[in-house]
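J.: Add chain B to chain A, keeping to what the hints say.
Taken in sequence, the protein lines are chains A and B. Heads up: the first sequence begins at 1 in this note's numbering, then just goes up one per residue. Heads up: the second sequence begins at 1001 in this note's numbering, then just goes up one per residue.
Derived from the structure by calculation, the hints contain no laboratory data. Where hints are given, some of them may not hold.
Part of the chain B face toward chain A, derived, beta carbon under 10 Å [said to hold, decoys possible]:
#1 1202
#2 1310
#3 1315
None of the values given here were measured: they were computed from a predicted structure. We put the CB at the ideal spot given by N, CA and C, even for glycine.
Spelled out from the first residue to the last, the chains are:
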Amino acid sequence: MSRHLLSAADLSAAEITQILDAAEQMDAIQNREVKKLPALRGRTVVNLFFEDSTRTRSSFEIAGKWLSADVINVSAKGSSVSKGESLRDTALTVAAMGVDALVVRHATSGAVQRIAGWVGCHVINAGDGTHEHPTQALLDAFTLRRRLGDLSGRHVVIVGDLVHSRVARSNVLLLRTLGAQVTLVAPPTLMPSGVASWDCVTSWDLDLTLAGKVAGDVDAVMMLRVQRERMAGGYFATEREYAAGYGLGPARLELLPEHAPVLHPGPMNRGLEISSVAADSPRSVVLDQVRAGVAVRMAVLYHVVAGADEPADLAAAGETR
Amino acid sequence: MILLRGARPLGGPAVDLLLADGTIAEIGSRLTAPDGAETIDAGGAVLLPGLVDLHTHLREPGREDAETIATGSAAAALGGFTAVHAMANTNPVADNAEIVEQVLSLGRQAGLVDVRPVGAVSAGLAGERLAEIGGMARSAAAVRVFSDDGHCVSDARLMRRALEYLKPFDAVLAQHAQDPRLADGNACAHEGELSGRLGLPGWPGVAEESIIARDVMLARHTGSRLHVCHVSTAGSVEVIRWAKGRGVDVTAEVCPHHLLLTCELLTSYDPVYKVNPPLRPAEDVQALRAGLADGTIDAVATDHAPHAPHDKDHAFGDAAFGMLGLQTALGVVISVMVETGLLDWAGLADRMSVRPAVIGRLAGHGRPIAEGEPANLTLVDPAQRWLVRPAELASLSRNTPFAGQQLPGRVVATFLRGRPTVRDGALVRPGRPTAVPA
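Chain A on its own, in the form it takes in the complex (with noise of 0.2 Å):
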């Protein structure tokens, strides 16, 4: 595995499926007494957020925590712009502290990236801008594949705010590369530009697409937050209009397969992309996703930082009373 994970493209089928693996392992320590393995032990990893994030930060921080890494988390909110530092030199002065990992979070596209370029450390993304968030996209897999087992040939469908969605764009590569099939769904607006060269079927019509009229029969659902402010730019009418056409709500719930997991990467916004019954549903696997997250980060920080091939005998190994 490279030095970083910037992107969800950066990781073969194979290396996507070690880190899944590896998951599995790390999971099976939160049923443990003492939730600790020493993989990372004498090792620093700072969260460098550019932008509010409760739920990533957090993943990471335990994550890190339960590696045995010395965490520290750094808020770096508001652009370096309005702050008169430029990214380069915040980006320096933090991994100047000794730092072997950098997990950053950034509100800018490619901001990530540019870090990695600058600093010597390990870098992860932790999400940046409208483009990835590819860890994001590892954990659904994680999650897809413990419903639904080898994902190849599955068919998953993604609904929402697409334009804006880093989440979208990270597990369409990343599901591709499984080989499971991906139809993304959106009203014309929030589609981004050229995604008809993606390689994945778009749709404007949720209900023919989840009867499966428009690609085939669906095994999953990934419901994307779509922002209110969105309505000022004129994406959509109102709330009203999109839950009509786009939020997953009990009629459509019902055209999903009996096995066919709902997925939502969070926050919700319950009553606008994703009704109660719907998030509430013995289908929805939310709290499984946010379970996942901190399994599937340990997998990465452990995979990236430590450059560990084989974790086969960590979960042994880390057995500490």
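T.: Relative to chain A, chain B alone:
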């Protein structure tokens, strides 16, 4: 007095030229050097009328850490230019007679090129009310080009009024065509497959094209002179071609970087490729070359935009827009237009000197290479290729997108009113300020 031996005007047969008293005194073969004349051997290099740039950001006053009028003038002379138009988006803005006269004066002090100030269209570039256009036009700077460049004059009524208001001065309105409602403050990449994939806020071609379409109709209505800055799309070329065909008094410019580079470079997220308007796909680049070749686009303009490193060391979306251009423009145009056969040397001279001088109403530049004409000349050796090394550029800034590229056409010498500002490819600083005829 200088005797220039063996130069090939517009790539034609080699001749000798005697430069005296700021003019071309004599042209012939095997001229005898008069007493006191210095001889320069051109060695068969191509002689062009001194290049004229309609679009340069010299950053002074306000951002002297990025460029000054003196350093920008040096870059211009080394790039083969004898005149540059300095854009109005300085701090303070060049929206009154005092600022444009200061820019003029600093240009004369540098003494390397004629620095022609551009005046703002609207006060403070705010797009709300007219700047003191009359005052600037009547000042010692005699401003003839007005532009809010960096901002579009997007309000249709202000645009109409400005076009009308300019008419008594025979001035031109140089529009930065960009509908701010279609390409907002976040837009930073050509809207297309690539921007969608990279997650960069898109900048559709139609944001430029729709403003040009509106403006050519306004110019037709008012009978005014309109110039379109840095045309970047095939659609824009089409609209301008249509308007010219119907007699609208419109001219247009294209930047060297839009003639060579494509938006594919943005995959690196390196802000050295961030420019306004953005780099476009190859189809647009081809259409721009064709438009420049057939004359639909009148001029090459550099949009030389120096930026300090700390304004570029950001994420792509947060970094400043703009690229250096003065020292690389000629090489790029030779590479994409002359070496490809799209333009001959006369055509290059027309697009980089003759027409820009006419658009800017700049007497003494862009003139034929003939006896009695002002000796504003550029000597370029097309056979000499040179490597672009950012650290060696004369600009205070380093943001060239051509770093590491081999470009054809080394500028051997530049003459401003007969005096060499560049000789053997190196700058010749003036001993005293040159007198510029008003």
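J.: If a hint holds in the structure, say so; if it does not, say that too.
T.: Results for each hint:
no., hint, verdict
1, 1202, "holds (5 Å)"
2, 1310, "holds (5 Å)"
3, 1315, "holds (3 Å)"
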